[in-house]
Amino acid sequence: NAGVTQTPKFQVLKTGQSMTLQCAQDMNHEYMSWYRQDPGMGLRLIHYSVGAGITDQGEVPNGYNVSRSTTEDFPLRLLSAAPSQTSVYFCASSPRSSPSTDTQYFGPGTRLTVL
Amino acid sequence: AQSVTQLDSHVSVSEGTPVLLRCNYSSSYSPSLFWYVQHPNKGLQLLLKYTSAATLVKGINGFEAEFKKSETSFHLTKPSAHMSDAAEYFCVVSYGGSQGNLIFGKGTKLSVKP
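Chains as they are written, first to last, in our numbering: chain A, 57 to 171; chain D, 41 to 154.
Please keep in mind that the hints were generated in silico from the structure rather than gathered at the bench. A virtual CB, placed ideally from N, CA and C, is assigned to each residue, including glycine. Be aware that a few hints might be false.
[Said to hold, decoys possible] If you want the ones that stay clear, here's a sample from chain D, every Cβ over 10 angstroms from chain A, calculated: (1) D48; (2) T57; (3) S72; (4) E106; (5) K108; (6) E111; (7) T112; (8) P119; (9) G147.
[Unchecked claim] Below, a list of computed lysine-lysine pairs in the BS3-like style, where the Cα atoms sit at most 25 angstroms apart: (10) K146(D) / K109(D); (11) K65(A) / K146(D); (12) K65(A) / K82(D); (13) K149(D) / K98(D).
Turn these sequences into a full structure, and let the hints steer you where they fit.
So this is what it looks like as structure tokens:
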């Protein structure tokens, strides 16, 4: 198993550009999520999905879109990049639709800089 | 609102000495509690979790944590620090119910001196 994979590892964007961060898991997990990590802030939930075709907003969804057309993939789209979106982004998955007691499996992260 | 507080942003210990990383949570109702570790430039990895079974939980790499309901605490300990323990540690709380409700602490960076 590759686990949770994320691409790219690093990305530099200019303000106003759009891009998609890719996330895939090969564990047949129902729950997938995106977090951003900023210094001193811990991880904050952007969007999550409890299964194919179902997504919902987390704590900090503004400026981001997601879709879940398959169980395996959960891409995160930045619509018009802003410097405030400079961060490290983590994708995570867990087996069941509710993450309450499940272990979260994290990808290696994407480091994004917006100039 | 539910919350989790990691009481120290940075802890420094010498190799071979005990480690204590402190975590308190708000007590709306019985939570599930987790500790994750993040080594530099890596993703997060589960160390251990409490889900209403035994209150003393043993994890990987010699770490353990005790759930104390009366103190609303879930402190992480290790008897003897190793250089490889240098990392950032996150306490995470889940209160069940609706999806997407994991609450992360702000993290504690552990430094280990030779």
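Results for each hint:
1. D48: Per Cβ check, D48(D) is outside 10 angstroms of chain A; nearest 13 angstroms; holds.
2. T57: 26 angstroms, holds
3. S72: At about 5 angstroms from chain A, S72(D) fails to clear the 10 angstroms cut-off, so the statement is violated.
4. E106: 18 angstroms, holds
5. K108: Non-interface label on K108(D) holds, nearest chain A Cβ at 19 angstroms vs cutoff 10 angstroms.
6. E111: About 22 angstroms separates E111(D) from the closest Cβ of chain A, which puts it past 10 angstroms; holds.
7. T112: 18 angstroms, holds
8. P119: It holds; P119(D) is separated from chain A by about 24 angstroms at its closest Cβ, greater than 10 angstroms.
9. G147: 6 angstroms, violated
10. K146(D) / K109(D): Distance ~21 angstroms between K146(D) and K109(D) Cα, so the pair holds.
11. K65(A) / K146(D): Roughly 23 angstroms between the alpha carbons, so the hint for K65(A) and K146(D) holds.
12. K65(A) / K82(D): 11 angstroms, holds
13. K149(D) / K98(D): 21 angstroms, holds
Comparing the model with each earlier hint shows violations of hints 3, 9; every other hint is respected.
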